[in-house]
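Using the sequences plus the hints, can you model the full thing?
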Amino acid sequence: MSECILVVDDDREIVKAISILLEGEGYEVLKAYDGLQALDILASRQVRLVLIDVMMPKLDGLSALMRIREKQNIPVIVLSAKSEETDKVLGLSMGADDYVSKPYNPQELAARVKSQLRRYTCLGDVHAGSRIGEIRNGRLLYRTDEKMLYADGEPVKLTAKETGIIELLMRNPGRVFPAEEIYRRVWDEDAFASENTVMVHIRRIREKLELNPKEPEYLKVVWGIGYKMEKH
Amino acid sequence: MALSFLIFFVGVSLTLYHMSGLLRCIPDGISSWTSGKLLEDDYQQSWEFQNYMTNRLESFLSIAINGYPAGWDYYGWNETSVVSEAVAQGGSDWSFVGNPELWREYGGTVEEYEEYEEAMEELYNSGYWDEYGGWYGYNDQFQAAPREQLTEEQLAQKREKLTRMYFANIEEDKNLIYSIYYDRKLLYSNSDLLVADGSMQTSEGYNFLMYFDGEKVRISKDGKEIDIYGDGYYQNENNDWYVPGYRNFPVNDEMKKTVICMAAAKEPVLYTTGIDKSGGYQQQNNSLYWMQYNNMRDRKMLRRNFIGLVIGVALLFFSCFCRKKRREALEKIAFIQGKIWVECKGLLLFLLFLLLYAEMRKYYPYGGYGSLWWELVHGYDVSVTEVVGTYGGALLSPLWYMPLFWVESFWAVYLIVNDLKHNKKVWRQGLIAKCCDAYSARELKLPFARRMIRRNAILFTVIVVCGILMMAGTLGIVKEYRLWTYNNVWKIFVLYLFVTLCLLVAAYLTGIKNIKAARDVDALSDRIHEICNGNYSDNAGTQYTGHDLGATMTQLENIRQGMASAVDEQMRSERMKVELIANVSHDIKTPLTSIISYVQFLKEEEGLPEHVKDYVKILDEKSQRLKNMVQDVFAVSKAASGELPMNMEKLDFGKLLRQTMADMDEEIQSSRVSFRTELPEEPVMIMADGQRMYRVFQNLFQNALKYSLDGSRVYVTLKTDGKLAVASVKNTSHMELDEDKNFTERFVRGDKSRTDGGSGLGLSIAQSFTEACGGQFGLEFNADLFIVSISFEIVEDA
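Which chain is which? The protein sequence lines are E and L, in order. Sequential numbering of the first sequence, starting at 268, is according to my numbering. Sequential numbering of the second sequence, starting at 14, is according to my numbering.
All clues stand as given, with none of them false.
Calculated lysine to aspartate or glutamate pairs in the EDC-like style (CA-CA distance at most 16 Å, straight line):
1. Lys663(L) <-> Glu809(L)
2. Lys424(E) <-> Glu477(E)
3. Lys640(L) <-> Glu351(E)
4. Lys481(E) <-> Glu679(L)
5. Lys174(L) <-> Glu130(L)
6. Lys495(E) <-> Glu434(E)
7. Lys651(L) <-> Glu351(E)
8. Lys381(E) <-> Glu421(E)
9. Lys616(L) <-> Asp633(L)
10. Lys198(L) <-> Asp226(L)
11. Lys481(E) <-> Glu680(L)
12. Lys651(L) <-> Asp354(E)
13. Lys495(E) <-> Glu484(E)
14. Lys349(E) <-> Asp600(L)
15. Lys270(L) <-> Glu228(L)
16. Lys743(L) <-> Glu793(L)
17. Lys349(E) <-> Glu592(L)
18. Lys481(E) <-> Asp678(L)
19. Lys663(L) <-> Glu695(L)
20. Lys651(L) <-> Glu352(E)
21. Lys381(E) <-> Asp364(E)
Distance ranges between label pairs, derived from CB positions:
22. Arg279(E) <-> Glu582(L): 36 to 46 Å
23. Arg334(E) <-> Glu582(L): 38 to 48 Å
24. Lys616(L) <-> Asn479(E): 14 to 24 Å
Chain E residues, not near chain L, derived (Cβ > 10 Å throughout):
25. Leu306
26. Lys338
27. Tyr387
28. Ala427
29. Lys428
These aren't lab readings, by the way, just hints derived from the structure by calculation. Every value quoted in this text rests on a predicted model; they were computed, and no experiment measured them. We put the CB at the ideal spot given by N, CA and C, even for glycine.
Structure below.
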C-alpha cells in the first residue's frame, strides 16, 4: 500500500515537480493550490503526510497548519522561500514537524519525507519512553547494548571510532565537547593535532545520518569551542 | 655654553659690585678737591688730616690763652665747647651710662668704668646741657636736668681736670709731637725733638710741621713750605686752612703771645701703654695712625674696586662674543626655572632681601633716630663720612652704596625677566595653582548650578570677612588713639555696617539670578546629553518660557525634531531596503525552485543526446549559483542593516580557525595551494558569534583557494598583543590586483569579466559579519600579496 501525501503550493509547477519526485519514490500524491483546498482534501481523504507552502492565497500555510493540528496529528513539513531562522522557529513552534526552505534540494526533500513517514508509521509516538539500553534523540536511536545507531529506525553503519564518538555524544546530548576531549576519550590517547582527525570523523558520521550533511541538525560544530549532539 | 654664561655672570657681578663700591665715594660730591685726592696715598693730603691739625691748633691756642682747651667754633669761648671737646677727644660715649655690662662687653675694666661714669656725671652736672643737650639728641633726662650754677672756684677745678685729661690722652701718642709756648715760656710739650724757632726743621720720621708764631701759621711738608693764605682771605671751607692769620680772621693780642709748633709723623704707628693691675692695654689717642690706616684702607678698596670694575667690563666685553651660547644657557636655566614652583621662587626672593636686610643691620644696629629705617627713609648717612672722611650728609639712602644690593637685585630681576620671557604662565607652576586646578577639576564634576552656588558662597564669605575686618581695623585705630571721645566714631561703624549689608544684598540678589540661570544651563545640558545618547523622544511637556535660555532651548528642540525625523527617515528607508531585498529574494526563489527541480529531472532523464546533457549541466551549475547568490545578497543586506540575529558567546579564536580549516580540509587538500598556519597553542578567547565567524573564514579560505597562484602558499596566522587578537590570511593572487578597487564592496571581484563562479559577495559578507560581531576587518594588498586581517578584543579567560 502506497502512502498518501498531500502537497500544497500556489505554484503549480512546484507542486508538479514535487509530485514527480515523490511518485518516483513510490508515494501517492494529492495536490492542493491553497490552504482551503488542502483542508477540504484532508477532510475527505486519509493523508499520511502534508507538505505545505507558507505564502499562499486564501489561507496561508501557517493558518492551515493550525487548522490541521486541531484535528489531526499527522506529520507536516513546511516548505517556504523564507529561509530565516526566525521563520523556521515560527513554523516548528506552530506544529510543523520539519521545515524545508526553497529552493530545496530534491534528494533532501525526499529523505525528509521518508524520515517523517518512518517515524510516524514505524515508531509511533516519538516521545514514548525509551527502554533500558536505548538512548533516543529525535530521529536517532542508539542502543548501548549492541552499540548500534538507528536513524528513523534504520541501522546506520559506523566504524568503531565513529561509534565511540556517537556513544559519547548521544550519552551527553547538548553538551559541548572540545576536540581534545573527544580524542582523549575515544582514541584513549593524548590529544595532539586532534582537531583535523575529529573533524574528519564528525563529517563522515554526518554524511551517514544527517538528511542534509551541509546543514546538520544533530551533529553540530560549536565554532571556536567544540562539538555537540543537538538535543531534539 | 656654561662657560659663556659664567663669563657673563662674573662680568656683570664684578661690574655691578665694584661700580657701586666706587659710587659710595660719589655722594660726598665729586668736587675737584675730593676727586683729586681720592687716590692719594698720603694721608696728610686728606681733608681729615687738615681738619685734625686745625682743630688741634685751635685747642692748643685755647689752652695757651685760657688754660683749658676750647674750640673756637661758632659757639664761642664757652665751657660747652670745652666739655664736648673733652668728651670727644677722650673717645667717650654716652651709650655706657648706667650700663656697666655693656662697658665690660666692650673690653673695659671696672675701674675704667668708674672713671668714665665720674666724667660723665661731671659733664652732666656742668649745667650747660639744657641749652645744648638736644644737639646730641641723646636723652630727655639730660635735657630736663636742672641747671646748676657753679662757683668760679669749682669751675676752675673742672677746667684744670679737663686740661689734664686732654693731655693725658694725647701725650703718649708720638705720631703728633707738639710744643706750646706762651709769653716765651714752654707750657706743654711731649717731645724734646721739636724746636720752635721758626727754622721749620723737623726731626727724623716727621715730615709735616705746623708752626704758629703768634702772627701767622706756617706749614712745611717734606721740607717745602706751603702757601696757606693765598690772597689773604678765608673763603672756601673745603679748601682753605681754617687757621688764624687771614685778613678776615685776624689774631688778637692774646694769640700774639703764643707760639705753637706741631709735627706729624710720616708713617704713624700705634702707641699702646700696658695698664698696671688689670693687665689690660690702653690705647693712646692714635688719631693720626687710624687716619692713615683708614686712608690706606680706603685707597686699597678704591683700587680694588677700580680693578674689579675693569675686569668686569672686560669680561662683559668678552661675553658679547658668545651671545648665542649665552642665550642657549639662558634657555636651559629658564627650563629649570619652569620646573620650580612659583612659591619657591617667591620664598627665594624673600630670603634674598632678608639677607640684604641682615647685611644692612650690621651697619645700623640701633632703632630709632639714625636707625636703618630712618636712614632708608631720610637718606642721611654717616658711613660716607667714615669712609671718605667728609662731612655733609649724603642725600642717598644707604641702599645705593651696598654693593651686594646691586648684584643681588640685578640677578633677581634678570632671572625673573628670563623666567617670564621663556616660560609661559609662570604662576601656573606652583602649589597654589595646583590646588586651584585640583579644586576646579573637582568642582567641574558637580552640576553647573552647584558650582554657581559654591562660587556665590565664596563671594558671600569674602564680603562678610571684609566687613568684619574693616570694622575690627577701625576699632583698633579708635582704641589705639583713644578716639572714643569723638562723638561721631559710631557713624563710621554704621557706615561700614550699611556698606557690608548693601554688598551682601547685592551679592544675594545676583546670586539668586545666577543660580536660576545655572539651573537652566543644567537643564539644557541634560537635554543635550539625552539627545547625544540617542533619546529623540519628544519633551513637549516642558515649557521654556521665562527661562534665561528659553530661546536656546527652543532652538535645541528644533534641532532635536530635525534629527528625530532624519533618524526615523533613515531607519524607515533602511528597513524598506531590507524588506525589498527580502521580498525580491523570495520572489526569485519561487521560480528558482521550479528551475532547480526540473533541471534535476532533466539530469536524471536517460537517453538524452550528449550535447543536451552538457546544456543541462550548465543549467544545473548556473541555477545553483543563482541560489547561492540570492542567499548571500540576503545575508549581506541583513548584516549591513544590523538586523542579523547574533548569538554572541565566548570562544577560542585559534580553535575556530583550526576547526574551519579542518572542516574545509578536503577542499584544501584537493587544491593546488598549501596552507601554512601559525596559531598559538593556548586559547585566545574572544566574544563573537561562532557560526558567523565560521562563515567569515570559510569565505576567506575559499577566496584564497580560488584566487591564489597555483603552487603558492596561503598563510594563516593568529597573533596577540595582550589586548587584541589579530588573525590574518595572506595569499598570493594569481592575477594582478587593481589598487583602486574596493574588494569589500558588494559584487566586486578581482576579475572584471565575472566568469569564475563566485557571487562577488564573499569579502563583503566577511566584512559585514565581522563588524556585526564587533571585530575589525582590514584589507590590504602589496603587489600580488593579498592580506585580510581580522582583529578582535581579547576577553579575560574567566
